[in-house]
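Participant: Read off the chains here:
Protein chains: 2
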Amino acid sequence: MPELRKDPVIGRWVIIATERAKRPSQYHKQVEERKGGFCPFCPGNEKSTPPEVLSYRAPNTLKDQEGWWLRVVPNKFPALQIEGPLRRSGEGMYDRMTGFGEHEVLIESPNHDHSYADLQVEHIQEIIWALRDRCVELRKDSRMKYIMVFKNWGREAGASLEHPHTQIIALPIVPKRVQEELSGAGKYYDYKERCVFCDMISQEVADSDRIVTENDSFISFMPFASRFPYETWIVPKEHTSFFNDIQKNQVTDLSSIMRTIFSLIKEGLDDPAYNFMIHNTPFDETGNTPFYHWHMEIIPKLTKVAGFEWGTGFYINPASPEEAVKHMRDVMRRAGKTDRSQTAAKLAMIH
Amino acid sequence: MPELRKDPVIGRWVIIATERAKRPSQYHKQVEERKGGFCPFCPGNEKSTPPEVLSYRAPNTLKDQEGWWLRVVPNKFPALQIEGPLRRSGEGMYDRMTGFGEHEVLIESPNHDHSYADLQVEHIQEIIWALRDRCVELRKDSRMKYIMVFKNWGREAGASLEHPHTQIIALPIVPKRVQEELSGAGKYYDYKERCVFCDMISQEVADSDRIVTENDSFISFMPFASRFPYETWIVPKEHTSFFNDIQKNQVTDLSSIMRTIFSLIKEGLDDPAYNFMIHNTPFDETGNTPFYHWHMEIIPKLTKVAGFEWGTGFYINPASPEEAVKHMRDVMRRAGKTDRSQTAAKLAMIH
Chain D
1 MPELRKDPVI
11 GRWVIIATER
21 AKRPSQYHKQ
31 VEERKGGFCP
41 FCPGNEKSTP
51 PEVLSYRAPN
61 TLKDQEGWWL
71 RVVPNKFPAL
81 QIEGPLRRSG
91 EGMYDRMTGF
101 GEHEVLIESP
111 NHDHSYADLQ
121 VEHIQEIIWA
131 LRDRCVELRK
141 DSRMKYIMVF
151 KNWGREAGAS
161 LEHPHTQIIA
171 LPIVPKRVQE
181 ELSGAGKYYD
191 YKERCVFCDM
201 ISQEVADSDR
211 IVTENDSFIS
221 FMPFASRFPY
231 ETWIVPKEHT
241 SFFNDIQKNQ
251 VTDLSSIMRT
261 IFSLIKEGLD
271 DPAYNFMIHN
281 TPFDETGNTP
291 FYHWHMEIIP
301 KLTKVAGFEW
311 GTGFYINPAS
321 PEEAVKHMRD
331 VMRRAGKTDR
341 SQTAAKLAMI
351 H
Chain E
1001 MPELRKDPVI
1011 GRWVIIATER
1021 AKRPSQYHKQ
1031 VEERKGGFCP
1041 FCPGNEKSTP
1051 PEVLSYRAPN
1061 TLKDQEGWWL
1071 RVVPNKFPAL
1081 QIEGPLRRSG
1091 EGMYDRMTGF
1101 GEHEVLIESP
1111 NHDHSYADLQ
1121 VEHIQEIIWA
1131 LRDRCVELRK
1141 DSRMKYIMVF
1151 KNWGREAGAS
1161 LEHPHTQIIA
1171 LPIVPKRVQE
1181 ELSGAGKYYD
1191 YKERCVFCDM
1201 ISQEVADSDR
1211 IVTENDSFIS
1221 FMPFASRFPY
1231 ETWIVPKEHT
1241 SFFNDIQKNQ
1251 VTDLSSIMRT
1261 IFSLIKEGLD
1271 DPAYNFMIHN
1281 TPFDETGNTP
1291 FYHWHMEIIP
1301 KLTKVAGFEW
1311 GTGFYINPAS
1321 PEEAVKHMRD
1331 VMRRAGKTDR
1341 SQTAAKLAMI
1351 H
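Which chain is which? The protein sequence lines are D and E, in order. Counting from 1, one number per residue, gives the positions in the first sequence under the numbering used here. Counting from 1001, one number per residue, gives the positions in the second sequence under the numbering used here.
These are computed hints drawn from the structure, not numbers from a lab. You may find that some hints are simply not true.
[Said to hold, decoys possible] Simulated pairs of lysine to aspartate or glutamate, EDC-like, Cα-Cα distance not exceeding 20 Å: (1) E/LYS1326 x D/GLU19; (2) D/LYS176 x E/GLU1180; (3) D/LYS326 x E/GLU1181; (4) D/LYS6 x E/ASP1209; (5) E/LYS1176 x D/GLU156; (6) E/LYS1047 x E/ASP1064; (7) D/LYS6 x E/GLU1180; (8) D/LYS192 x E/GLU1091; (9) E/LYS1006 x D/ASP199; (10) E/LYS1304 x D/GLU156; (11) D/LYS304 x E/ASP1271; (12) E/LYS1006 x D/ASP190; (13) D/LYS176 x E/GLU1181; (14) D/LYS326 x E/GLU1180; (15) E/LYS1006 x D/GLU322.
Extracted from the complex, chain D is given alone in its bound form:
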């Protein structure tokens, strides 16, 4: 079973997941071995994953058989496991916890090659509904404190399987990075009595030179203090602390803006690897917390994190967000468009 261990200096927990272990010589080979080989996520191979916990599928087709267009399964090599108790223990000065939690994989479509940049807007809507359904379901387990929805696309971004998938991890603790964000946003709220993310949206709209695109419900911009070149956020315009509370019209608009942004990343940056993460409120919060605002952060993997960043937590970004946005606007312009709100439709045409 995976184990959680706490760093005694800065208090950061790590997951030691030895079920995923490799011999040292295997680290380099990881992806080459899989390329062109057997894919456990392709239709027909349903039995090679654990039984599905959710699927959207054609009428009269059976669970764990073909006929689905979207499928959620537990991760076969989970970073955390739902079985067994949540137990803390000490070992001298060190602290451990059992690796309790849930790790699920959403297989985005039966197509081995298509991800968000290539899927129909309607299909992305279904993915968002399925992610929300799982978040709502997992929140019912009172032992869970936080949920992270994320995607690793491409080897450089840590993907170990090619078939497009998005992942969901539910955790028994609120992770350090999230605590920092909540604490920072909380301090801002104490001082200003306004949500820091709502204020960012206002200033981005006023400054305008970091906005990539927007629609009725969402705005996408490259943050002022971007850590990475072309780091891009998608933020709901209306203050909402929980991703779980997303409304139907927001699902439509999120799907459309995701389609635009991921197409831009593919077209404008030569189809790089990327990660995205949905930053959400911990489960303990009830109602619409006034100081936190859920959002999606997207990081194309164009540079490497180097020693200076590891040592200081300080990032060196070789591209200002203002310059990066200019490039993305050029890409949109070249795709034959003048009206920002129609980016998705227009970009769709160039495929």
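We have chain D; now place chain E onto it with these hints.
Facilitator: Then chain E, alone, in the frame of chain D:
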């Protein structure tokens, strides 16, 4: 001039260094272009770097000409610049600071291919002395608050030039990651009245299953809560908060243990990319701070940081340090040795 910008949510500063900017299509090509091409760090090309600030060279040879065996130069594309004032300003809700600081490169030897795993122990001693000399020199500038010594080896670790080099960055602020470490170590000290690193050394010696090797002045172990497979620390046995205060016998022992560890990483892990960082006390501290303990952290790049890690600050490590140490001990054993303290010498023989 580079610019520092502060994230308004979690208060993390980033460096926007547009002098290092590329067109989007250049990110992928980065290293291929340089391979086999012109090397600004090789002997004979001294004029292609800024003038040297330190060199160890043969008698009667001239500055910025051949004859050196170790050379320190300012970085031609610095993340931070020493010219110009340190100025803070606001832009609406956002905060900026001029990108003030010093960024130097230590060219480890005239040999384009040899790094710590291949150099003679005596040569590594000279490198350590040179690093210390520069740290002492840079500390004299009262505007500087912190210094980070680090190395990026290999493209995966963020190295943009092949020729082995170690970097030094002096900063006008104490970075967030370092503040967290100081604050964590400070809390431990308040509670226990002992240094957390000294306590770690005691427990590692007692447990013994995470120790890679040791000598009179240094111990090397894989930390209990390792973030990455084969993450390895080198820690001075005697409590010392400042790297700058390193003693002559410690330089000898550090050089020898570095030679062993980097040889083990090269031999045992198939010469992977890696980063190392020297974690040091901020310049403001005077004397031997009782709660902080300088040390070196080494991270071989065997896995990718993925979305879950970016989103949560939580690391998933697929190899327990205990298993990883076993593998390294096997490598030592295969290199024909039984006595840990002689690892360096024995490993040197297998080259």
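Participant: Could you run down the list of hints and mark each one as holding or not?
Facilitator: Status of each hint after checking the structure:
Our distance criterion of 20 Å between C-alpha atoms is met by E/LYS1326 and D/GLU19, whose separation comes to about 17 Å. A distance of roughly 11 Å separates the Cα atoms of D/LYS176 and E/GLU1180; the hinted pair therefore holds under the 20 Å criterion. For the hint linking D/LYS326 to E/GLU1181, the alpha-carbon distance of about 38 Å lies beyond 20 Å, and the restraint is violated. For the suggested pair D/LYS6 and E/ASP1209, the alpha carbons sit about 18 Å apart, so the restraint of at most 20 Å is met.
Only pairs whose Cα atoms come within 20 Å are accepted, and E/LYS1176 paired with D/GLU156 is rejected, the gap being roughly 26 Å. Simply put, E/LYS1047 and E/ASP1064 have alpha-carbon atoms about 7 Å apart, close enough for the 20 Å limit, and the pair holds. Taking the CA atoms of D/LYS6 and E/GLU1180, the gap is near 14 Å; set against the 20 Å cutoff, the hint holds. For the proposed pair D/LYS192 and E/GLU1091, the alpha carbon gap of about 16 Å is at most 20 Å, so the pair holds.
Between the alpha carbons of E/LYS1006 and D/ASP199 the distance comes to roughly 15 Å, so the proposed pair stays at or under 20 Å and holds. Taken as a hint, the E/LYS1304 and D/GLU156 pair is honoured in the structure, with Cα atoms around 7 Å apart against an allowance of 20 Å. Proximity of D/LYS304 to E/ASP1271 is assessed by CA-CA distance (about 18 Å); at most 20 Å being required, the pair is judged to hold. At roughly 19 Å between alpha-carbon atoms, E/LYS1006 and D/ASP190 fall within 20 Å of each other, so this suggested pair holds.
Our distance criterion of 20 Å between C-alpha atoms is met by D/LYS176 and E/GLU1181, whose separation comes to about 13 Å. Of the supplied pair hints, the one linking D/LYS326 and E/GLU1180 is violated, its CA atoms being roughly 36 Å apart against a limit of 20 Å. Pair hint E/LYS1006 plus D/GLU322 holds up; C-alpha atoms about 15 Å apart against a cutoff of 20 Å.
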